[in-house]
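**Student:** Chains A and B, in that order, are what the protein sequence lines are.
Read in my numbering, the first sequence has 246 at position 21, and its numbers run on one by one without any break.
Read in my numbering, the second sequence has 259 at position 132, and its numbers run on one by one without any break.
One thing to keep in mind: the hints can contain errors.
[As the list claims (entries may be wrong)] Which bits of chain B does chain A cover? Going by a derived footprint, with three or more residues having C-beta under 8 Å, they are: (1) 344-355; (2) 359-371; (3) 374-385; (4) 478-491; (5) 641-650.
[What the hints assert, rightly or not] Residues of chain B clear of chain A, computed beta-carbon distances all greater than 12 Å: (6) M175; (7) G283; (8) T440; (9) T519; (10) G534; (11) L594; (12) M609; (13) A612.
[As the list claims (entries may be wrong)] A few chain B residues that face chain A, going by a derived Cβ cut-off under 8 Å, partial list only: (14) L213; (15) L538; (16) L655; (17) G657.
Derived by calculation from the structure, the hints in this document are not laboratory data.
Ideal Cβ placement from N, Cα and C applies to all residues, glycine included.
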Amino acid sequence: MDKQDGRSAFESGGVRLDDPWYDALASGWGELDGAAEAAAEWGGGQTPRAVPAPEDERSSPHDEIYLAVQRSAAFQEVRRRYRRFVLPGTAVFLAWYLAYVIAATAAPGLMSHRVAGALNVAMLVGLGQFATTFLLTWAYARHARLRRDSAALDIRWETQELTGGNVR
Amino acid sequence: MTYDHQALAWVLFSVFIAVTLAITTWVSRRRHGSAEEFYAGGRLFSPMENGFAIAGDYMSAASFLGISGLIALFGYDGLLYSVGFLVAWLVVLFLVAELVRNCGRFTLADVVAARMRERPVRMAAGAASVTVSVLYLVAQMVGAGSLVALLLGGTGQQARTWMVIGVGALMVVYVAFGGMRATTWIQIVKAVLLMGGAIALTVLVLLRFHGDFNVLLNTAAERSGHGRDFLAPGLKYGEDWISRLDFISLGIALVLGTAGLPHILSRFYTVPTARSARRSVVWSIGLIGGFYLMTIVLGFGAAAVLGSDAVRTSNTAGNTAVPLLALDLGGGAGSTGGTVLFAVVAAVAFATILAVVAGITLASSASVAHDLYASLRRPRGTAQDAQRAEVTVARIAAVAVGAVAIGLALLAQDLNVAFLVGLAFAVAASANLPVLLYTLFWRRFTTRGAVWSVYGGLLPSITLVALSPVVSGSRESLFPGMDFAFFPLDNPGVVSIPLGFLMGWLGTVLSPEAADEARHAETEVRALTGAGAA
């Protein structure tokens, strides 16, 4: 999305009806006749009150809206949920993978220890890497779908209504 | 390899080329020359289609033939590659795919430029992307030349030269005329062929051993000539501490490099939302994981059925293990089944190279036109005119990149392909990943930090390779006669990746200006929610 597009749509207050998200937006559709009003209306207390007058070229209502959204409790919650899954998850699989690579090169004795039949520790750990990758993929997709998607979509809508950026 | 094999293989190649050219023509019939269409296929692919295309982009001939060949020769040490290539996708899924889909338009530089000063950042990220792409491209084309000439019998210098030129010319046609839409469809066709071929061979291997994986492993160990050691790490990378450190370096580069590969990043823009970007990565992890599990069976299968020595006799790097295995599984040389299976594998390998090469060419032409050209020229005319001009430049850039890659591939014909791929991953991990992660996750990151982190990863990784045994100082070097190898490792990742992160931090700390709060807010909101995303 080009900022230019967003700005011009914002000024004319127009929203194109061929937007694929139109259905999702159907409630509260008619009230959108100015960003400031919508800003005041949206979300009750936790959200931006009004949009200050622009001081210079860069400090436009556009910037103010994104700053306000970023500080809003709803957005903080989405970000917190994302980070609380992703940061520990990344740490775990990177550590597990590094341990595997380092063990394979530094402790060949341990890795060649036989477990059952032709299977040794190295083979099991290698297949374990595949298993954990699939498992973490599934867990991430599930977490994102259940805990993040709808909240993020709501914020996306509210933000785009504020900036008048509903054009694709 | 008899005349029959080659004739049938050539027929199958020609069918594949005809089908892909038909796709390209069909796609370019309805084009209107918008940048959206050329770079991102109109953003209308479904997650499943894009998942197949990502898998197609990622599973290069180096994976299909190279990894199974390494397993057939070195047993367990080859398997370490499979694991690294797959685990890398968790980095992509967790930290990159959705956020990049929301933040960017067509290239890596778009994401960074969203909150930085446009020109210096575009120049740096564009230069890094083009470097990585060209390295990767040369690796694929060198592989294509030697491999296809080998499979088709003509191992002479001339056959290889013509193969490289032929592959280069075809990929330029796909990209310049079909853009992202044609490239994506070629990837999908190729991924289906590759999975089909791999599944068929895996089933045949398992049938040969009555479904008993244990017997398969034991036979492989026996016939490899290494006994039990074949199933444990150490055959290839266990010699001394330098080779072990080299392997760790390669392992880190593989895992962190994928998320910085330009042709993988550009795939996330072909779907409409971040959610579909996530679902396409889930699809591709399933496909890629399944595929690498099969390469393990094929690699050990080749060792068990053919024996490591037979594999090594045919090709010292093991690249022909899978075609030879197919020949044997189909009933041996001279049988109809053997002929057909061999030809199918050869055709799939060829399709793989063509498709991967087309994907990378598209990504690098996007970087040239959208980042380098667009940040140098003065804007003139309307936005739409500018966009059309840019797409034209991108088509020309595809031809130019293709020509450069053909030239370099002809020069580098004798270099080891696996090394070139590892190098491309190391450069991607050093130059592209730090700047991407800092942009998405670090509030205080500044323009200077971005520029420093790109060059701070790019220049050391290239310099260290120039000073490594790969370029000089040993018999397998590019210049065997000279010796200026001051850096002992083949793969620079273990040094250059931390340097990329360090320089990004240093540049930020030493910046005269603070980060732009508002644009960071916009990037963050946009990354996590998709507000304002194209």
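**Student:** Next, verify each hint and record whether it holds.
**Tutor:** Okay, the hints, checked on the actual structure:
1. 344-355: holds (count 4)
2. 359-371: Per the Cβ count (6), the hint holds.
3. 374-385: Contact hint for the stretch 374-385 of chain B vs chain A: holds, 5 residues under 8 Å.
4. 478-491: Since three or more residues must qualify, the claim that chain A covers the stretch 478-491 of chain B is violated, with 0 doing so at under 8 Å.
5. 641-650: holds (count 5)
6. M175: At roughly 14 Å from the nearest Cβ of chain A, B:M175 sits farther out than 12 Å, so the non-interface label holds.
7. G283: holds (39 Å)
8. T440: The assertion about B:T440 holds, with a minimum of 26 Å to chain A.
9. T519: holds (20 Å)
10. G534: The assertion about B:G534 holds, with a minimum of 36 Å to chain A.
11. L594: holds (23 Å)
12. M609: holds (30 Å)
13. A612: Its Cβ never comes within 12 Å of chain A, the nearest being 22 Å, so this holds.
14. L213: holds (6 Å)
15. L538: At about 33 Å, which exceeds the 8 Å cut-off, the nearest Cβ of chain A leaves the hint on B:L538 violated.
16. L655: Check passed: Cβ of B:L655 comes within 6 Å of chain A, closer than 8 Å.
17. G657: holds (5 Å)
This entry does not satisfy hints 4 and 15, going by the numbered hints stated previously.
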